[in-house]
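*Asks:* Given next are the chains, with one letter for each unit.
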Amino acid sequence: MTCAAGAPDFCGLRLAHPIINAYGTFDAIAARRAFGDALLEAFPFSAYVSKTVTVAPRQGNPPPRLWEVPAGLMNSIGLPNRGLEGYLVHDLPQLAALPVPLIVNVMGFSRDEVATLVGAFAPREEVSALELNVSCPNVETGMVMGADPGEVARLLQHVRPLTDKPLIVKLTPNASDVPAVARAAQDAGASAVSLINTLRGMALRPGSAEPWLGGGAGGVSGPAVRAIALAQVSSVAAAVSVPIIAMGGVQTGAHAREFLLAGASLVAVGTESFRDPAAARRIAAELSGSYGAPALAG
Amino acid sequence: MTCAAGAPDFCGLRLAHPIINAYGTFDAIAARRAFGDALLEAFPFSAYVSKTVTVAPRQGNPPPRLWEVPAGLMNSIGLPNRGLEGYLVHDLPQLAALPVPLIVNVMGFSRDEVATLVGAFAPREEVSALELNVSCPNVETGMVMGADPGEVARLLQHVRPLTDKPLIVKLTPNASDVPAVARAAQDAGASAVSLINTLRGMALRPGSAEPWLGGGAGGVSGPAVRAIALAQVSSVAAAVSVPIIAMGGVQTGAHAREFLLAGASLVAVGTESFRDPAAARRIAAELSGSYGAPALAG
Amino acid sequence: MTETLADRVVAPFGARVVPVLERAEHGAYLVLTCADRHGPEPEPGQFYMLMAARRWGGGAGERPYLPRAFSVLRAPAGTLQFLLEAVGPATRRLCELDAGDGLSIVGPLGRGFRPPRDGRRPVLCGGGVGIAPLALWQDVLGPGTPALLGFRDAAHAAGSALLRDARVACDDGSHGHHGLVTELLAAELDAGAPAEVFACGPPPMLEAVRALCAQHGAPCQLALESGMACGYGACFGCVVPTTRGLIRLCLEGPVLEGSELGPEAFAMPGHGS
Amino acid sequence: MTETLADRVVAPFGARVVPVLERAEHGAYLVLTCADRHGPEPEPGQFYMLMAARRWGGGAGERPYLPRAFSVLRAPAGTLQFLLEAVGPATRRLCELDAGDGLSIVGPLGRGFRPPRDGRRPVLCGGGVGIAPLALWQDVLGPGTPALLGFRDAAHAAGSALLRDARVACDDGSHGHHGLVTELLAAELDAGAPAEVFACGPPPMLEAVRALCAQHGAPCQLALESGMACGYGACFGCVVPTTRGLIRLCLEGPVLEGSELGPEAFAMPGHGS
Ligand SMILES: Cc1cc2nc3c(=O)[nH]c(=O)nc-3n(C[C@H](O)[C@H](O)[C@H](O)COP(=O)(O)OP(=O)(O)OC[C@H]3O[C@@H](n4cnc5c(N)ncnc54)[C@H](O)[C@@H]3O)c2cc1C
Ligand SMILES: Cc1cc2nc3c(=O)[nH]c(=O)nc-3n(C[C@H](O)[C@H](O)[C@H](O)COP(=O)(O)OP(=O)(O)OC[C@H]3O[C@@H](n4cnc5c(N)ncnc54)[C@H](O)[C@@H]3O)c2cc1C
Ligand SMILES: Cc1cc2nc3c(=O)[nH]c(=O)nc-3n(C[C@H](O)[C@H](O)[C@H](O)COP(=O)(O)O)c2cc1C
Ligand SMILES: Cc1cc2nc3c(=O)[nH]c(=O)nc-3n(C[C@H](O)[C@H](O)[C@H](O)COP(=O)(O)O)c2cc1C
Ligand code: FES
Ligand code: FES
Numbered sequence: 018m019t020c021a022a023g024a025p026d027f028c029g030l031r032l033a034h035p036i037i038n039a040y041g042t043f044d045a046i047a048a049r050r051a052f053g054d055a056l057l058e059a060f061p062f063s064a065y066v067s068k069t070v071t072v073a074p075r076q077g078n079p080p081p082r083l084w085e086v087p088a089g090l091m092n093s094i095g096l097p098n099r100g101l102e103g104y105l106v107h108d109l110p111q112l113a114a115l116p117v118p119l120i121v122n123v124m125g126f127s128r129d130e131v132a133t134l135v136g137a138f139a140p141r142e143e144v145s146a147l148e149l150n151v152s153c154p155n156v157e158t159g160m161v162m163g164a165d166p167g168e169v170a171r172l173l174q175h176v177r178p179l180t181d182k183p184l185i186v187k188l189t190p191n192a193s194d195v196p197a198v199a200r201a202a203q204d205a206g207a208s209a210v211s212l213i214n215t216l217r218g219m220a221l222r223p224g225s226a227e228p229w230l231g232g233g234a235g236g237v238s239g240p241a242v243r244a245i246a247l248a249q250v251s252s253v254a255a256a257v258s259v260p261i262i263a264m265g266g267v268q269t270g271a272h273a274r275e276f277l278l279a280g281a282s283l284v285a286v287g288t289e290s291f292r293d294p295a296a297a298r299r300i301a302a303e304l305s306g307s308y309g310a311p312a313l314a315g
Numbered sequence: 018m019t020c021a022a023g024a025p026d027f028c029g030l031r032l033a034h035p036i037i038n039a040y041g042t043f044d045a046i047a048a049r050r051a052f053g054d055a056l057l058e059a060f061p062f063s064a065y066v067s068k069t070v071t072v073a074p075r076q077g078n079p080p081p082r083l084w085e086v087p088a089g090l091m092n093s094i095g096l097p098n099r100g101l102e103g104y105l106v107h108d109l110p111q112l113a114a115l116p117v118p119l120i121v122n123v124m125g126f127s128r129d130e131v132a133t134l135v136g137a138f139a140p141r142e143e144v145s146a147l148e149l150n151v152s153c154p155n156v157e158t159g160m161v162m163g164a165d166p167g168e169v170a171r172l173l174q175h176v177r178p179l180t181d182k183p184l185i186v187k188l189t190p191n192a193s194d195v196p197a198v199a200r201a202a203q204d205a206g207a208s209a210v211s212l213i214n215t216l217r218g219m220a221l222r223p224g225s226a227e228p229w230l231g232g233g234a235g236g237v238s239g240p241a242v243r244a245i246a247l248a249q250v251s252s253v254a255a256a257v258s259v260p261i262i263a264m265g266g267v268q269t270g271a272h273a274r275e276f277l278l279a280g281a282s283l284v285a286v287g288t289e290s291f292r293d294p295a296a297a298r299r300i301a302a303e304l305s306g307s308y309g310a311p312a313l314a315g
Numbered sequence: 004m005t006e007t008l009a010d011r012v013v014a015p016f017g018a019r020v021v022p023v024l025e026r027a028e029h030g031a032y033l034v035l036t037c038a039d040r041h042g043p044e045p046e047p048g049q050f051y052m053l054m055a056a057r058r059w060g061g062g063a064g065e066r067p068y069l070p071r072a073f074s075v076l077r078a079p080a081g082t083l084q085f086l087l088e089a090v091g092p093a094t095r096r097l098c099e100l101d102a103g104d105g106l107s108i109v110g111p112l113g114r115g116f117r118p119p120r121d122g123r124r125p126v127l128c129g130g131g132v133g134i135a136p137l138a139l140w141q142d143v144l145g146p147g148t149p150a151l152l153g154f155r156d157a158a159h160a161a162g163s164a165l166l167r168d169a170r171v172a173c174d175d176g177s178h179g180h181h182g183l184v185t186e187l188l189a190a191e192l193d194a195g196a197p198a199e200v201f202a203c204g205p206p207p208m209l210e211a212v213r214a215l216c217a218q219h220g221a222p223c224q225l226a227l228e229s230g231m232a233c234g235y236g237a238c239f240g241c242v243v244p245t246t247r248g249l250i251r252l253c254l255e256g257p258v259l260e261g262s263e264l265g266p267e268a269f270a271m272p273g274h275g276s
Numbered sequence: 004m005t006e007t008l009a010d011r012v013v014a015p016f017g018a019r020v021v022p023v024l025e026r027a028e029h030g031a032y033l034v035l036t037c038a039d040r041h042g043p044e045p046e047p048g049q050f051y052m053l054m055a056a057r058r059w060g061g062g063a064g065e066r067p068y069l070p071r072a073f074s075v076l077r078a079p080a081g082t083l084q085f086l087l088e089a090v091g092p093a094t095r096r097l098c099e100l101d102a103g104d105g106l107s108i109v110g111p112l113g114r115g116f117r118p119p120r121d122g123r124r125p126v127l128c129g130g131g132v133g134i135a136p137l138a139l140w141q142d143v144l145g146p147g148t149p150a151l152l153g154f155r156d157a158a159h160a161a162g163s164a165l166l167r168d169a170r171v172a173c174d175d176g177s178h179g180h181h182g183l184v185t186e187l188l189a190a191e192l193d194a195g196a197p198a199e200v201f202a203c204g205p206p207p208m209l210e211a212v213r214a215l216c217a218q219h220g221a222p223c224q225l226a227l228e229s230g231m232a233c234g235y236g237a238c239f240g241c242v243v244p245t246t247r248g249l250i251r252l253c254l255e256g257p258v259l260e261g262s263e264l265g266p267e268a269f270a271m272p273g274h275g276s
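Chains as they are written, first to last, in the working numbering: chain H, 18 to 315; chain P, 18 to 315; chain D, 4 to 276; chain Y, 4 to 276.
Worth flagging that the hints you see were computed from the coordinates, not collected in a lab. Just so you know, these numbers come straight off a predicted model, no measurement behind them. Virtual Cβ for every residue (Gly too), placed ideally from N, Cα, C. Any given hint might turn out to be false.
[What the hints assert, rightly or not] Facing chain H, from chain P, some residues (calculated, C-beta under 10 Å):
1. V86
2. L115
3. V117
4. L119
5. E143
6. A220
7. G224
8. S225
9. P228
10. A279
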């Protein structure tokens, strides 16, 4: 199921290249406001995954939500979103207008909530695939569901019958045996798995014993976690045959290629997009070998 | 059980300051060869933990054993050591001559092997405490034993009766529920716990799909893992009342203080000693507030 | 996309590396001028995300890693100017840059100042490095626009030369009024015709300005700070509490209406210095 | 401690920051001279672990983080000289340093060259940046000691001026003998009295030297490379396979006897360039 740097076929979707966005790290609606139509003309991802949707609207965690770590970022965003209704009314029409297939990431606090979300998107033609977030380290159940193979299997058995669309399961890296969870997901009907989500971390407010982040703990991403991500992707690839979306600290085409060599079908770019909103374009170009270093622009 | 930056009492040992070495990152015998007696006069650690001893001698993993990651190091050393007999004959007499208490780190591939090791050191007056390595990510059983509360409890029940010395359990960070493992260790008689060991990682040989490290996967340490370590120490501190030895990316007195604030009694310095063999002296001085930045020496 | 509002100048998509043309010290501050021949002209109050093109990282505590937000100070003919104060690893690295070095920029970003309402006369009020966005705004509003600026000491008060006819308050009495800039502002609000205040500075100063303007019934537009990772709405990290709930400052601000803010907007760690 | 052997000059305990005094380019190489008034005089073949005192990090791929090993080239009166070739993030950063910049050093470390045995005449053989440890050794052995040096091209061959009366082989024919330095060595071994060879260079060259010397029954001392994290035996990372098993190169080397090495010592990724 791995593919070279060419045009990949992912769960039946034909994509222009293997680089997509990491869930929750690129708000295409906001980016459109910041960069105008140029964003659509040079859209950097071959598929777009929207930020996690929950049944009820969420404000997210109180600020501060960010802490810079050596070669990385720790965040405690807390899944702010308009809720299912708000997403269907406000976000979906705008995201459907993007020039690439749309993957919707959903999260429920119980199996029934996940079923509600999957059921709501099942009939939507605008939606090419669904992703189940069972790994967000910021919300109690995410940690628990995604860390246990049995829990993941029961969830999949519950929601798999509700849709024909590809169902991707995002794995948590904070588990003793990630490949076992991946295998459980595959055996219960997952079409693909994605990893890694952020690693649980913490920072203190300088000079105090209080946590810096409004949400207490946070999740670490960026280059600091890349070697850890590569190890997990490689072990999961040895355990499953469904396609893998790999991510964690990808900054260059060479990094993306390493994840493909380790067994991934697609590679997602997250934190690097914060340093350059068009980073994924450069990465896709480097991957396909067509990239020349730019001169000074000024 | 936490202590401020003063002279800590750790499991009955009176130590000059809270900074010790991270297991396997400082070979005092080798350092004595490189730096001569100056090492003993300015010994940077308040207690010395020797590299993991196994029953049989081990060559360790084939090279390459090192890979530099962003803000950190990945290693796959594989616990090279002379074995129990060699340690008792060669290493112990030399380490007993160090000016600080000696903690011996042991690892067995079965409960009986651990018992052999604990039994062998129990009568040795030169040894102030024993540490059980159940977390080394380079050896198959380490991952398994340390990730499961039941396994750890059974191990402790087996070896706790064999010695009156403090028994420290080194936890693995590659577990779904590290506090549960810590609690199991405490309930089964562990005198203290230490964390974090390295996080499982991997690198590829440039331009190939083969792993770079001779041992395949490796363990990530250094500043890249500090926020992750702080989160784990903080959760473990909330779960146990025995003292905690904290480590992971400590580079400054401020970092050490954060671990103490998060609930640790001692702080270990590992990778930073590779950048400066006397780093722990600076860190201890910064912690006690007596450190002035040095001028250019040349 | 229905939410695309023509309420701002939009940035080119992607980071561009431009050369630094000049560095000029102004007491405790540095003004960095870079070329940006192809970028749009920024509006007063907009900002850019900046990184050194080389060696961004490896500073104190192995940081910086992410870019940082900086208000545009002025933008004369195909160039951009930023006002920097070295407070941490990123600003220290930027302050090392010299002519010819590369600067990675994304912007202009965010919503800047809106014109004063109801014919009110504009009053500018800045504190410390927060005077930066007021310079370009004063150029647009007209050189006569009063600028009340507060600083810590003489080395910082040197920055007041960057605006026209600034009236200065200094904490240590070394320069102008001995006291807080909000004392100058209170007098100014009492004195003249109905005013609208445009302010930028440290959170306690902004909170004092907000409270003072509320007392005087004067509208105010406040340029806030908040820890940002991306600057373009991607990370949801920069939120501040408002009467509309938590909003992304990089997208809805950095300039917000005083009337939609309460004291809690200025009481968070990491929001401003 | 029974294993403390007086087989080496020991280093002061701890890293010290010393100022760079001079940078001098020699074709593709840089010679960096720093002060080290209080350090001991190094022995030929010993090495130091180096880091830039500032901005060590934030280079390509967010590296370097760890220090790197460098042979001492020469050590005239209270100074140290290193020969650098920019091949990655650490060497690139070190090559940026200029007079006045701080260099963090640990050393001298390791075991250097031992004198030739049985009255054998010494022959030096170096390749590329591996000529570095031979310079000080030639000074000690005497200026007449033959030095056979191999380089890739003319820009690199410029480094040959750092030794006395060097005979040069160049891959591209631009300088001296057109071919491999081991061809010069074979001729030299055939020619004179029984020799002992001292060599340093890329792994394939060292392996060729080892095999050639074995053929000729000439002992050889080879200065090897290996990826190092600490340089003082702490990390067990730098091991190389020998007839004694895996040994820590930083502690037992970097100079090893050819007789204890086989081809596998030169066939590992990360061991030399
Ligand atoms: C819209 C906007 C415009 C701005 N304009 C200017 C300007 O014109 N000129 C100017 O000098 N500054 C400006 N700033 C402020 C500047 O972006 C910040 O001061 C910047 O963070 C400094 O980075 P640093 O690395 O130097 O300092 P930091 O180390 O980032 O320290 C700055 C503050 O960040 C917090 N902090 C400390 N450590 C961390 C960490 N590890 N992770 C996260 N937060 C941490 C603390 O609260 C600290 O006081 C502006 C900010 C915004 C949002
Ligand atoms: C005893 C000794 C003496 C030396 N003397 C000299 C000298 O006098 N002059 C000199 O120029 N050099 C010398 N070297 C070599 C020098 O230490 C190395 O070339 C150094 O690693 C270069 O660092 P870098 O970051 O520039 O390049 P690196 O990126 O470290 O590349 C160098 C090699 O390291 C490997 N590598 C690549 N990426 C990584 C990674 N992430 N982690 C680990 N390994 C990686 C590859 O094999 C690569 O070819 C010596 C080495 C030793 C051991
Ligand atoms: C600010 C931020 C917000 C994120 N939000 C989500 C999210 O809503 N859902 C999710 O599954 N993962 C989320 N992630 C995790 C990313 O999808 C990704 O797994 C992780 O950042 C590793 O990739 P990177 O190192 O390239 O950023 C978030 C990451 C960041 C940095
Ligand atoms: C080279 C190296 C070797 C190590 N060997 C051991 C070991 O033998 N036993 C053990 O329990 N931990 C070992 N560790 C883990 C360290 O004790 C420590 O947990 C880890 O490095 C985190 O601390 P640091 O970031 O300060 O290095 C080793 C770490 C390194 C870098
Ligand atoms: S800085 Fe990322 S959303 Fe505002
Ligand atoms: S480099 Fe660490 S043991 Fe040799």
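*Asks:* State for each hint whether it applies.
*Replies:* Status of the hints after comparison with the structure:
1. Among the interface hints, the one on P:V86 holds; its C-beta lies about 5 Å from the nearest C-beta in chain H, closer than the 10 Å criterion.
2. Checking P:L115 against chain H: minimum C-beta separation of about 32 Å lies over 10 Å; hint violated.
3. For P:V117, the interface hint is violated, the least distance from its beta-carbon to any beta-carbon of chain H being 28 Å, above 10 Å.
4. A least Cβ separation of about 32 Å between P:L119 and chain H goes past the 10 Å threshold, and the interface hint is therefore violated.
5. Taken as an interface hint, P:E143 does not check out: its beta carbon lies about 36 Å from the nearest beta carbon of chain H, beyond 10 Å.
6. Satisfaction of the interface hint for P:A220 is found here, the shortest Cβ-Cβ separation to chain H being roughly 6 Å, below the 10 Å cut-off.
7. A cut of 10 Å between beta carbons decides the hint on P:G224: the least distance to chain H is about 9 Å, and the hint holds.
8. About 8 Å separates the beta-carbon of P:S225 from the nearest beta-carbon of chain H, less than 10 Å, and the hint is met.
9. A distance limit of 10 Å between C-beta atoms decides the matter here; for P:P228 the minimum to chain H is near 8 Å, and the interface restraint holds.
10. Below 10 Å, beta-carbon pairs count as interface contacts, and P:A279 has one with chain H at about 7 Å; its hint therefore holds.
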